[in-house]
Each structure stands twice: as structure tokens, then as C-alpha cells.
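Chains as they are written, first to last, in our numbering: chain A, 14 to 358; chain B, 14 to 358; chain C, 14 to 358; chain D, 14 to 358.
To be clear, the hints were calculated from the coordinates, so they are not data collected in a lab.
A quick note: this is a predicted structure, and the numbers were derived from the prediction, not measured.
Misleading hints may appear alongside valid ones.
One copy or any two copies: either way a pair holds, since identical chains are not told apart in the list.
SDA-like cross-link-like pairs, simulated, lysine to any residue; straight-line CA separation at most 20 Å [unchecked claim]:
no.	residue 1	residue 2
1	332	272
2	332	56
3	15	334
4	242	227
5	235	330
6	320	23
7	242	314
8	320	223
9	320	224
10	320	176
4 protein chains.
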Amino acid sequence: MKALVYHGPGQRSWDTVPNPTLQLPTDAIVKIDTATICGSDLHILKGDLATCPPGRILGHEGVGIIDSIGDNVTTLHVGDRVLISCVSFCGKCYYCRRNMYSHCTTGGWILGNEIDGTQAEFVRIPYADTSLYPIEKGADEEALVMLSDILPTGFECGVLNGRVAPGSNVAIVGSGPVGLAALLTAQFYSPAQLIMIDLDDNRLDVAKKFGATATVNSTDGKAAEAVMKMTGGRGVDTAIEAVGVPATFELCEKILAAGGIIANIGVHGTKVDLHLENLWDRNITITTRLVDAVSTPMLLKTLCSHKIDPKLLITHRFKLDRILDAYETFAHAAETHALKVIIEA
Amino acid sequence: MKALVYHGPGQRSWDTVPNPTLQLPTDAIVKIDTATICGSDLHILKGDLATCPPGRILGHEGVGIIDSIGDNVTTLHVGDRVLISCVSFCGKCYYCRRNMYSHCTTGGWILGNEIDGTQAEFVRIPYADTSLYPIEKGADEEALVMLSDILPTGFECGVLNGRVAPGSNVAIVGSGPVGLAALLTAQFYSPAQLIMIDLDDNRLDVAKKFGATATVNSTDGKAAEAVMKMTGGRGVDTAIEAVGVPATFELCEKILAAGGIIANIGVHGTKVDLHLENLWDRNITITTRLVDAVSTPMLLKTLCSHKIDPKLLITHRFKLDRILDAYETFAHAAETHALKVIIEA
Amino acid sequence: MKALVYHGPGQRSWDTVPNPTLQLPTDAIVKIDTATICGSDLHILKGDLATCPPGRILGHEGVGIIDSIGDNVTTLHVGDRVLISCVSFCGKCYYCRRNMYSHCTTGGWILGNEIDGTQAEFVRIPYADTSLYPIEKGADEEALVMLSDILPTGFECGVLNGRVAPGSNVAIVGSGPVGLAALLTAQFYSPAQLIMIDLDDNRLDVAKKFGATATVNSTDGKAAEAVMKMTGGRGVDTAIEAVGVPATFELCEKILAAGGIIANIGVHGTKVDLHLENLWDRNITITTRLVDAVSTPMLLKTLCSHKIDPKLLITHRFKLDRILDAYETFAHAAETHALKVIIEA
Amino acid sequence: MKALVYHGPGQRSWDTVPNPTLQLPTDAIVKIDTATICGSDLHILKGDLATCPPGRILGHEGVGIIDSIGDNVTTLHVGDRVLISCVSFCGKCYYCRRNMYSHCTTGGWILGNEIDGTQAEFVRIPYADTSLYPIEKGADEEALVMLSDILPTGFECGVLNGRVAPGSNVAIVGSGPVGLAALLTAQFYSPAQLIMIDLDDNRLDVAKKFGATATVNSTDGKAAEAVMKMTGGRGVDTAIEAVGVPATFELCEKILAAGGIIANIGVHGTKVDLHLENLWDRNITITTRLVDAVSTPMLLKTLCSHKIDPKLLITHRFKLDRILDAYETFAHAAETHALKVIIEA
């Protein structure tokens, strides 16, 4: 089959590779219909993830049809149309018993990372019963593929951890795809203010269309003042960090109200300064999280009942054999204005 | 009357000062029976608290008898024996309505800080109805005075924020009075392990007597390894920081299990390094809190039902007119082995 | 002044009575601008409430202007425009300290019940600081008066207690004003299904306009079957009882999913059958609650940020001196299709 | 092998039956070392459970050694010593994903009920990975077998659902084995009062030894008055129903404080009267639950760290081939004072 293969930092190609095969009785092989590219795929391509060796097929998002299943897959059948979760989990280990599927001792986010992924014609999915979700025939696959990773990530790490609530004031730092996913899912809880902060006016315009009540371009270094003014000097109840660098995390520290929460989504490569000399008596909470995909069933229900429109995130579409162009488009988002790019088989 | 007065960094004296008088109809004047000294009194004496000007009577802990009350105090009477909370609160403002009494816009921890305190013959208590707790005649005043500040601080900032739970693994970094208060109140929730970490073997011995299941002297810089070993390599579910310097906070970061909580109690004077490059995907939580004294009624019940023995914290006793000696003893805890020193009228 | 006075079962009149005066330093006198009538006013008129004696001025909802204040009211001023909460609370007692303001030992729902109420030119409000909410000049008083009682009641007793959540299935039994208030506020949490059940097709039509995803007329006795069918045989996660008779409560028992919650809002006059022989192993929860008005600040924020439109509930308007006509209209809702009737000064 | 077989209402015998065999790749066969008898075994023997047909081997509690395992059991090995949970669960279905293992669509409490049980030389355990817990060599099997059912039942249905908390007032109605299990595990949370209510003075004496702070013999019909007096007229914060008849449930309604919780453990055969005419405005909660065994890992930790001594529940011991005598002893608890009887292989 054909697949997008990582060949070490900065190198990828559209290769002919062997088809995946069932390895364990809990596996399924899925024929990919729709996939997409994630910011973490770009991280891997830069060589940032030691867990992902050269030769790996990338991709951890997708929708497809079950092609074959292991003997111990009990809830799915060949021919079922399924959503692929970015998180595979055994359901048995210490962490799974605590619903921390991201830390499953034999799973977690392994797809397109520790094992071959979805940017291919076929993919092997471990723990198929818990990692695949049957979908209705006729369901919108493009909307569904947003539930593989980006929506649960924005929702669990940002909105749930940030305890967004009716009437609360929320700021989201970073208006890229994951920040926008947080913005979309924060609206499940009807906050009073949803302030979006970014350096890029185009992305802030998109945020407005997605439901931001205000936007702040932080280029001038005065974002904190602007947010404090918008919140009557009190700061926000929830600050969602969706970038992953010290400056954005520290901005969250500055705009947080007493009693507030910083919910970190960003992937950080270095330490940040935590100003406990200012924060020790402010009754604040800081959270981190790798998506557990524990909310996927709930997100499917909100999608089916039209409480959310994740297709808003889709800006471009490519056929699978043009995936290298898709990568180019996605990697140059500042110029292309790409958010999520759909890859169709 | 006589009172312990702060006269600027490093200076205190036992002065004759005017008696306090009622200023608002919600005030009460309390004649002090029993008081004690807190680590934050020492901070003030060092000049660390800009909120506390020279001329201030120190002290925010005490038990006494109501001497006079304002017209709008409705639940207390002259002659009532009362516990004084370190937190005064209006019960009406934005923060009080959220039970964040520490951030009351006209209260919080103001006693012996922004207004005169309890290390005197008499003290004025604002918002008497919510800041004083009637106690039974014959109740143990020495035990009760531990409920003015240190027990609610250890409990709310450490144990409640740290979500200590039956069967969980807990480490407390710092075996001084507030760390020991956390140790005592953590046992309300029957954790499996209560590991106490300090540099001082004497304090660790005390911790063992107070219920620590293990102790670690961190002098050798190998505390993190020791704790990881004790927890099967997984780390602790709750790490309570009860010192307030970067090294102890960063130790908490190192010993925390995936999914765990760092509950900060320590008063920090400088920033700390938050290693998000290691922690961003560990599903952790960090909390800070100034005591709200929201748990005082509950702590009174556990005291009355003998679920806790806070007198364990008391090492020395002085008459009120020897309070300067009490300060000397408390300030040189390494030599005197002082934990809490009782000041009796 | 003029006021609507209850004179015993079935008897009310528009009387000239003395103006209210300040009785305690925490009181305020409010000149009424806008009031409304509640279902519980009708209960009182039937003689159902032993706490409300003849001679009482009715009404516990209103918006007005502060005419005078007691010496100990610290957060409000004469001339302030205010929303009146149906719950008055001291903020000091055992129950207030637990945020159960409805059970305040000297407050709770006393207005227009144990003390004179708002269907008059002036009203005395106890505990003014915690029971009145300043509102912006130019704010929509008709919308605001819905926040005196009906919205917090539907929200706290129905939606909060019922833990309505994104993607969940909710049924509300009773499409009268309070059921509709639950319907409006349930949408803060984006449930997947909001099924409204009533005997009256007109009220069900209203419910559809207010956001119900489905309606069931229960006249045929087959409502339970209909709801089970709509929920794939599983039942609803939340059943909100908004009527107050055995038949509707028992319908909630029948349509509840394993793990679900019955949140009772209805005022019940007799016992109901709880079928524990069916429910003991179903992991269910049943809650009751008298509104605490603890959510009023939050509801004000959602109103100001246009997350809710409570004016949808208003069907009729009367001048204050035609309040007897307003009562007639409200009491014959089946014919007049009245939901909430506005009384304007 | 030999096994205790149910042969229809009132009939049981110690029969020779075929050994169990692996049926699914997720099964394990366990050789029983230690078992016990549960009150629900007696219910089955009376013919109360339609789910349990004649011919069934009874028993859902036990400790043993794995004799053989299916191909898809990944976390256990032949020869492992294991605790058997009364709940078997797939970990994949709608209810398992919500941690409601008791409602697993292909599991739940099926052992000794819908499939053959543990009162035999060998037993087949479905979903072995999630339903068996490896235990240390040398661990106390008699203590451990109390974790198969009775401790998680008392803890989850009574203590967790009842939100027992430090300083709270708790009453447990029914001082049989399950009520006593609730009593033991309630102490994890340091409540101020633990009032035990029963008709049998012997069982109340046992309760005192187990940590009850007070006992009430309800024979005289004045238990409610007694409890109200003990709680200053306010009632209890948590009432745990551990009997399962209308009189005891209705006693819980009478002794509940405003804001309190009735946590039902009892297996009810008929409806009860729920006095909503008294309770609709009392802000109460009622819960039911079939044990999910979700707390078993935590209970194992509290056992290993000596926070609980479940062997207190054991009153008698029998060899496996004398299990009919064990049943006699257990069934006549009033005379034999039996609580839990150990069956040893």
C-alpha cells in the first residue's frame, strides 16, 4: 500500500510499504477513508519526538472501514464504519482503571508515533474495541475526523480541566487549531466572555467567527493589560494555554483572577517561570494533560445533536496521493491560512 | 494595655498602648486568654510584608472572652468564650459569595497585619459574627488556639487542595508546624502512605510520632529517589509543599505521579522553575491557596469528637508578659525544638 | 401605599396599607418598579401555606429603586436600582455558611410569606446587602425580574441538581413557567436531548420554541414508552420534575436511565411511591431543593452576556393598580396561555 | 469436583459436578482457597432472584490460585494468587466506560447468579484481567475475601454515595454484615458521629467495638427521636440504609438533616413511601447503587497499609466440605451471632 513515511528530521515521503497485519487478537485493520494532519505530526518531522523512529508511518486521526479484526474484538465487525481515536488503551491497567487512558501502560498516544499511523491506505489499530467508534452510515466523515484528536484535546485539556462554566470569563492564548477547538467546545458551557489572544489577525478573525466574544492581538506586549481591562481588573476565571512556549504560559499567569485556573494544552519544550511570589496566595490552579479521549463518546453525541460544528476548522482538502502538498499547506499556515486539512482516500 | 508591637524590620517590643475600641457595629472587642506565634509573625518581623506597617500589634491566633460588641453583632454576646479566626470576612462581597474568604475585599488575613492583632490583652475583631466561634466552657483552649490558623492552613491549602484520599500516597515537604498540621489533618482521609521530608532529623522524629508512615532526610539531595522507590517508581498522588523555597517546590515536581497534585502551602518570595517540558503531558495539577478558614466549623467538630489532637503541636508555654522570650524560643526552633508556643494571659 | 393583600383562603384585595419602615440596620426599603406573580402566590391564596397568615402582602419577585437603607447596609445606596431576590439570608448561620441560603435560620423564602412582599408600592427587604443585586441603568427590568425566583429555581433545583451535561439526555416533566425556566437554563450545558412532557399542547408548542428537542403529550398515559423509545431504550440521564404530584414523580422513576438523576422542583402536598424494588440496583440519585438563589450572580452574568433570553417567559403585562386582573389572567393559564405576567408600577 | 448447588427455593446440596472449563479467551479458572457466604446467597436460596436458575453453583466471594487462563488474559499468570471480585466486567461497554461496572452489558454481578460461583473447588471467572486482583504471597486471605463483595458494597453504596466527611454526622440503619462494612469504611473519612441503629443488642454491641460512637435499639419505635436528640435536633448528614424494608428506609427519611443524603444499600422487595410533602424543600439527596467494585484497588491499598481490619467481621470458620453447616450457622445469625463465616478449602 501507499503511506506517508517519516525518514528522520525534515524528511518524509509517499512510499510503497507492506500492508499492516493483525498482530494481537484485540487488533483491527482499518481501511482509511479520511485522515488529517496534526501539529504534532510537524513536531515529529522536526525530530522533536524521541519516541517516533525513522520509518514510521505518521498520522493519528482518521475515519475508515474495518477490513479485518482479531479474534477477541467483540463489539465491532468487518465492514463497520469507524472513527479512529488518537488514543489506544487496554482498559485494564492502573491508569486505565483511573480513566487516564493517555497513560495506558501499553497504549496511550502511540498511533503514528510508537506504531504506524493513519496517513496510509490501511492502519492497524490496537485495542480496537475501545479505540474505534462505530458511526452511522451517511455521517459526515469530515466533521467526525475532527473528533480523533483535536476536539477531545481542546475539550479535555482546556475546557474540562479549565472548568469553564456558565457566566465565567475565559481567555484562550493561541488561536491555532487546538485553541480554536477549545473555543468551540468551551461554548458547551455558556461562559460570559471568551477572549481569544494571538499574534495573527487572520486567526483572530477566524476566532470571532467561531464565537470569541473579544480578541486581543498580543504583538504589542500589552495583552495582559487589555484582558485585565475587559474583566474589570479581576482577570479571567480560566486561562487556556494553547501554544506551548514560556511567554504564553507566563501571560496566563498575569491575566488569571484569584481563584482561577490555567489549563495548559501546549506542548512545552523548556521550563517556564512560575511566579509563586505573586501566586502563592491567589488560590489558583494549574493543570496539564495529555488528551485521554475519555470524552469521545460525549463529543459524538454533541456532534449528532448538532451542538457543535467542527467542520468550521477545515480549510483545505487533498486526495491521499497528494498528501505531500497537504503537508506543505499545513506547515505554512501563516501564508495559507490553513487550520485543518482533510486527506481523502 | 500591654501588647507586642512591631517597630520595623528586626524590632519588636512589649509596649503599653491604648485599648482597642469598637469602630464598626459589626466589631467585637475580645479579651485574650490564650495566643500563639506563627511563622508569618517572623516574616513580618523580618520586614517581608509590605502590608504591615511599623506600630502594628502582631498576632492573628487566639482564644478569649468577648468584652464588648457592636450593635450589629447578632449571634454573639458579651462574656462568650470564643475562638478567633485568622481570617475576617464580610460575607457579602464577590469573593465571600464564592467562599474565598481570604480574598474578602474588606477582610481576609488582616489581623496582626493590616490591623492590630491578638498578641495583646485585648483585640478588636471585625465582622465578629463570622470571624469568632463560640466555644464550650471547659473546652481546651490550647487545643483550640491551633484552629485559629495553623490547622485550617495545613488542611485547606495542603489536604483539601491536595485531595488526599483513602489509600493514596502523600508526601509532605517540610516538617515544621504547618507541615505537621497538614500531616495531622491528612489522616482524616486515611491515605496509605504519608511520607514526611525535611532536613532536620528531630522534626522527622516528631513527624513519625504524629503519624508519618515514613520519613526522608533530604540533606543528601537524594529525597526524590527515595520517594520514587517507596512508591514503586510511580511517585506520590499528592505532594504538599510546606516550606516556600524553589528547591522544595521543585522536589515536589520530581516526586509527583502522573495524575498527581502539588498543593502549595509555602509562602514564596521568588519565582520557581516549572518544568513543563517534563510535566505538560503528565495530567498533573498545581494549587496555591491562602487559608480561607472555611473549614473552621468542621475542624471544631473533629476536635470535639476527638478525631484529632492538635495539642501535639505545642512544645512551650509562656505567660503573656514573657512574650519576648516566647519569640526567642520560637525563632530559634532548630535549637529549642519549638513547634507552637502557647502565650497565656 | 397600595398593596395586594392576602385575607385568607381564596381572598385577596388591593388595599391601602401603611408604608413599610426600616426595622433592622441591615434592612432596605425598595420602591417597586416591576413585579410579577408566581405559582406559589396561588398556593398561598388557596390556603396551602401555613407560614403565611391573613393580612400579608404577597409577592417575592421584583425590581425597584432603593428608597432608604439601614445603618449597616454597606454595599448599596439610596437611589440604586436593584433586583430583589426571593431569598433573604443572613450570611452567618449554620446553613448560610454551607451556601444553603434557603434554610437560613432567620431568612430563606420569607418575602410575601412570613413578611410582607413585593406586590406593593414599597417593600422592606431584610439583609439588603446579600438579598439585593445592583443593576445597570438601562438594564431590561422585565428580563431581570425573571431572576428573582423562577430562573434560579429552575436552574438550581432542576439543572444543577440534575447535573445536566453536554451530550446528555434530559426530560422535563411539566411545561409550566418553572419547567420552562429549567428548559431555558438547561441549555447552558448543551445536552443532546431536551424532551418536554406535559398534558397541554399549547405549553408543549411553547417548549419547542424555547429549545425543546422533542415534546410528549402525556395525556394518553404512554409518555414513559415514548421517552424510552427516544432514548434507545435506556432512559434519560436527568429527569426534572416540575409539577409536584405523585403521577409526574412516578413518571420520572419510569423514564430514568441506570445512573440517572431525578431532580425534583415540584412542591408536593402528599407522599409518592418510590419503587425501590425496581430502583435499588439502578445507581440512581433523587434530589429535592428549595431555591437558594446562590446562582443569582451567575445568572446575572449570563443575562448580561446574552446567553439567555428570559423575556420569552413573559406573556402579559399589567399596571400595578390592575394587579387583580393580572391574578385572574395568571390563575387561568389554560385559557389565557399565561406564563409570567409583568406588573408595572 | 465438589460444589454447593442451588436446586430451587429452599434446596441446596453439596454435589459432585464437572470441573469448569475456559469458555472465552478472557476467562480464567481459579482453584478456590477461601470463600464465604453472603446475604444474597440466602436471598437466592429463598427463590428471590429470578436471574438464578436451579442447578447453579452459588458464591461470589473468594480467594484462590489461577489454574488456567485464556489466550487473551494478559496481566495474570497460572499460579498467581488472586482475589475474586463479585463483579465481572468487560471494560468496553457503555456502562463500563462510565465506571458503572455493575451494569456491564455482559457482566455485572453474574457470579453465583447467572453463572456458576465460588462455593466450589474451582470457578470460572470471566474477564479475568479486570475481575481478579493479584495478591502478595503471605497476604491474609481471610481479610482479603472480605474485599470480594461486602467491603466494596458498604463503602461504595453507603460511604461514597453518602459522602461521609470529616466532622459529619452519620447514622447507619442495620448492623448486619453490610451495615458493619459501611461502619468500618466510613471511618476512612473521620466523621464526628457514627450512630448505629438495629433491633438486636448483640449486633449493636459489635458495632460499638467496630467504632460506632453511639447505638440505638429501634425496637421501641423511638429511634428517630433518639437520633434527633443526638444531633441537636438537626438530624444526620448521612443516613445509610442497610436493611432493605420500608420501615428502615422511612426511618432514614425522618432522621435526615436538611441538605443530607440517604444512601441506600438495602435490597428492597417492595416500594417505600417517599414523603415528598415533607422533603421537597429540604435539599436532600437519595441514592441507590449496586456495587461496582470500582473501589477494590483502593480498598486493597487501605488493607495493605493497615487502615482497616476487615477480619473483625469474621465470626466462624468451616472447611469447604462442611459448607452446609456454614450455611446453617450463617442463616441463623440471631442465635449464632454469625457475621461472616469463612469457608476454607
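Here's how the hints hold up against the structure:
{"no.": "1", "hint": "332 / 272", "verdict": "neither (48 Å within a copy, 40 Å between copies)"}
{"no.": "2", "hint": "332 / 56", "verdict": "neither (23 Å within a copy, 64 Å between copies)"}
{"no.": "3", "hint": "15 / 334", "verdict": "within (8 Å within a copy, 65 Å between copies)"}
{"no.": "4", "hint": "242 / 227", "verdict": "within (12 Å within a copy, 42 Å between copies)"}
{"no.": "5", "hint": "235 / 330", "verdict": "neither (37 Å within a copy, 49 Å between copies)"}
{"no.": "6", "hint": "320 / 23", "verdict": "neither (39 Å within a copy, 47 Å between copies)"}
{"no.": "7", "hint": "242 / 314", "verdict": "between (37 Å within a copy, 17 Å between copies)"}
{"no.": "8", "hint": "320 / 223", "verdict": "both (13 Å within a copy, 15 Å between copies)"}
{"no.": "9", "hint": "320 / 224", "verdict": "both (13 Å within a copy, 12 Å between copies)"}
{"no.": "10", "hint": "320 / 176", "verdict": "both (19 Å within a copy, 18 Å between copies)"}
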